[in-house]
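Q: Given next are the chains, with one letter for each unit.
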Amino acid sequence: MSDFDPGRRRFLGHLGLAGMGALGASSFLSACASSASGPTTSNGSGAVTIQSNLSSPQAKEAMEKLIANFNAQGKGKASLNTIASETFRTQLPTYLTSANPPDLYTWYAGSVANDYASKNLLLDVSDVWKSMGDYPESLRTLSTEASGKQVFVPMNNYWWGFFYRKSNFAKWGVQEPKTWTDFLALCETLKSKGVPPIGIGLGDTPWIASAWFDYLNIRINGAPFHRELLAGKQRFDDPKVKAVFTRWREALPYFDPKGKAYPFQEATTALLAGKTGMFLIGTFFADAAPKDALGDLDFFRFPIIDPAVPLAEEAPTDGFFASAKTANPDGTKALLTYLSGVEAQEAYVKASSGIVLPANPKAKASDSPLVAKGKAMLDEAKELTQFFNRDSSDALQPTADTALTKFLDKPDQIDAILREWQAGAEKVFKG
Amino acid sequence: MTATVSTTSVTPTRRRRRSARLSPLLVAFVLVPFAVESIWVFWPALQGFWFSLTRWDGMSPPTFVGTDNYVELTGDATFRGALLNTVIWLVLFGGLSVLGGFGMALVLQKERRGVGFYRAALFTPVVFSLVVTALVWRVFYQPDGIADTLLRAVGLEHLIRPWLADPQTALYAVILPALWRQIGYVMVLFLAGLKAIDPALHEAARMDGANSWQRLRHVTIPQLKGVNAVVLSVIVIDSLRSFDIVWSLTKGGPYHSSELLSTYMYSTAFQSLRLGYASAIAVVIFVLALAVILGYLVRAFREEA
Chain A
0 MSDFDPGRRR
10 FLGHLGLAGM
20 GALGASSFLS
30 ACASSASGPT
40 TSNGSGAVTI
50 QSNLSSPQAK
60 EAMEKLIANF
70 NAQGKGKASL
80 NTIASETFRT
90 QLPTYLTSAN
100 PPDLYTWYAG
110 SVANDYASKN
120 LLLDVSDVWK
130 SMGDYPESLR
140 TLSTEASGKQ
150 VFVPMNNYWW
160 GFFYRKSNFA
170 KWGVQEPKTW
180 TDFLALCETL
190 KSKGVPPIGI
200 GLGDTPWIAS
210 AWFDYLNIRI
220 NGAPFHRELL
230 AGKQRFDDPK
240 VKAVFTRWRE
250 ALPYFDPKGK
260 AYPFQEATTA
270 LLAGKTGMFL
280 IGTFFADAAP
290 KDALGDLDFF
300 RFPIIDPAVP
310 LAEEAPTDGF
320 FASAKTANPD
330 GTKALLTYLS
340 GVEAQEAYVK
350 ASSGIVLPAN
360 PKAKASDSPL
370 VAKGKAMLDE
380 AKELTQFFNR
390 DSSDALQPTA
400 DTALTKFLDK
410 PDQIDAILRE
420 WQAGAEKVFK
430 G
Chain B
0 MTATVSTTSV
10 TPTRRRRRSA
20 RLSPLLVAFV
30 LVPFAVESIW
40 VFWPALQGFW
50 FSLTRWDGMS
60 PPTFVGTDNY
70 VELTGDATFR
80 GALLNTVIWL
90 VLFGGLSVLG
100 GFGMALVLQK
110 ERRGVGFYRA
120 ALFTPVVFSL
130 VVTALVWRVF
140 YQPDGIADTL
150 LRAVGLEHLI
160 RPWLADPQTA
170 LYAVILPALW
180 RQIGYVMVLF
190 LAGLKAIDPA
200 LHEAARMDGA
210 NSWQRLRHVT
220 IPQLKGVNAV
230 VLSVIVIDSL
240 RSFDIVWSLT
250 KGGPYHSSEL
260 LSTYMYSTAF
270 QSLRLGYASA
280 IAVVIFVLAL
290 AVILGYLVRA
300 FREEA
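Sequences listed follow chains A and B, in order.
Per numbering that gives the first Met the number 0, the first sequence starts with residue 0, numbered consecutively.
Per numbering that gives the first Met the number 0, the second sequence starts with residue 0, numbered consecutively.
Since the hints were made in silico from the structure, they are not lab data.
Every value quoted in this text rests on a predicted model; they were computed, and no experiment measured them.
Relax, there's no trap hidden among the hints.
Chain A stretches covered by chain B per the calculated footprint, using a threshold of three residues with CB under 8 Å from any CB of chain B:
| no. | segment |
| --- | --- |
| 1 | 193–206 |
| 2 | 256–263 |
| 3 | 390–397 |
| 4 | 401–415 |
Derived DSS-like pairs: lysine-lysine, alpha-carbon spacing no greater than 25 Å straight-line:
| no. | chain 1 | residue 1 | chain 2 | residue 2 |
| --- | --- | --- | --- | --- |
| 5 | A | Lys76 | A | Lys324 |
| 6 | A | Lys361 | A | Lys129 |
| 7 | A | Lys165 | A | Lys177 |
| 8 | B | Lys250 | A | Lys409 |
| 9 | A | Lys64 | A | Lys361 |
| 10 | A | Lys426 | B | Lys250 |
If you want a taste of the chain B side facing chain A, the calculated C-beta under 7 Å gives, among others:
| no. | residue |
| --- | --- |
| 11 | Arg54 |
| 12 | Asp56 |
| 13 | Pro142 |
| 14 | Pro161 |
| 15 | Ala164 |
| 16 | Pro253 |
For each residue, glycine too, the CB sits at the ideal point set by N, CA and C.
Extracted from the complex, chain A is given alone in its bound form (with noise of 0.2 Å):
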């Protein structure tokens, strides 16, 4: 606008063409989703930018810190942009295949990276995993896509389990249990106690039922299975999946029934509260948990259902990839390789108050006995899952919310629930 000339004609012109101009670039998808935050973009500055959706405060000024050492280092700059995660989630294939798109992203590990890695959208980090050679192979394999190439750096991962309160389960008297028969006896005991013995929170987070999915078919068809059939290579109706349904039909009477109504939030405070006796949920509930209730909680594994099944736990992987058109791969890839160090894992362990394991394995986590059990307890496991949207898709996530919150209801419509369930997937699959 540097020609600009106040005439009527010439404004009216110009403000034809910057419609114009803006609106060529944008897709139909960025027109219809909320322009909240529409891409920021670093083209000449050199500062890269990172977009977050660590927008849980603690998280949000770790990542601050993070950013903040960085720049101090003077290898390069960045700057941070935190969103919304439910904002993010619906943005990131328009930050993704936009024209000028931010350079790194905060994004989970696994099948969703490899899906935009497919499209061609995500940023080749070998070179980065170069300076990496510590890490253990399984993140390494977890952070490649199918051509061979490293998408994506991991920079910590948690832990699912019963989470219940050390001082409730004295005061009921009841122990961890072990074995499928050891669980079903220790509800039996605390329904008789007067507590619902399985705390939910499906409200406004179905996917949490998700959890219950996931460690059920591991248990019992193994991660083998589990991954094939979130990869759409098994069948939902499959008996196989269907065994899944009838042992969790045995833990049904035990289900916290207001639970369907509220959200995992709620959920963690009536744990909290001793209105439920356990929660299977991952270690992030306790963002929401107030400080001193933290030293009293504690965990069990999800018991042994079959002990010839190889032991495998969820384990979620959180991390960064780059995008492929960022017009400064040199300053992303520097981001990474500092966001990779020991330094900055543990910076961000110490800030947030999560109860995370730092991917990098020199880095150490939290010295409380809580991050050690959990740490142990990933390290015997054979095999490490994902989640239940981070080994399929997130568009898979919806047909899993309904076919589950379906099953908790109405039980004995399973067989029409499943063939719904694998309906709703071939669509997903097929587009």
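Given the coordinates of chain A, assemble chain B onto it according to the supplied hints.
A: Only chain B this time, still in chain A's reference frame:
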């Protein structure tokens, strides 16, 4: 913009005469918004029709599949459920807000002491955004929340259920807050209509010995014809575009039991990433809205003629 150019190139005498009727400024004020509108509204709408004939995940280029999406719609049980819910919504939400709004307007039309307070109180919910309304009602419906406490207080605790999580009640539990808001709005429209009726008509009817029901039936309602058209269009359009309150209270769940066409379209597009199929649903919504509104307009014109 071509029109402005051509008017400047014609002979001075003609120009003076034409510009008296149609100044270039006026033309620009029509054409510029039209140009912007066509890029911003008409073009995406047409694109929507095109996308409904494709399979598209929002990232890869769309592939043309003909009428596959529409064929799939006919066999989609969730879509049929959403369609039925939209009809229920139209009838209940539309019908009750007209009845409620009209009733309130009748009660509050006479100037009495304190009537302003009641009018303001009934209109207050309209001021809140629907998402805020949803938050308030969520607290109302939550387990052991105000709704449950009220039921317990009057000895109806056997009715207590997870209102928003029970497929039997979810849709109706969502209609209630939508109504709570809409009634105030419709009331204001009717109040304006009632105020515009000439009091002499009522006076004359009273002289003829008409009781209050007869006056309502034969004087008030026929006189409100103009307002009815406005209310009806507002209601139909609001019903078909109802989305925010359902999305913020139940997201169409549990398992699609409170799904409307609008929420199903949104979740198909942005959660399942099936933008082609979602566009087909959008086209259906558009056709429905058009049918209802055209149907009404045709009738209205015929009555006038």
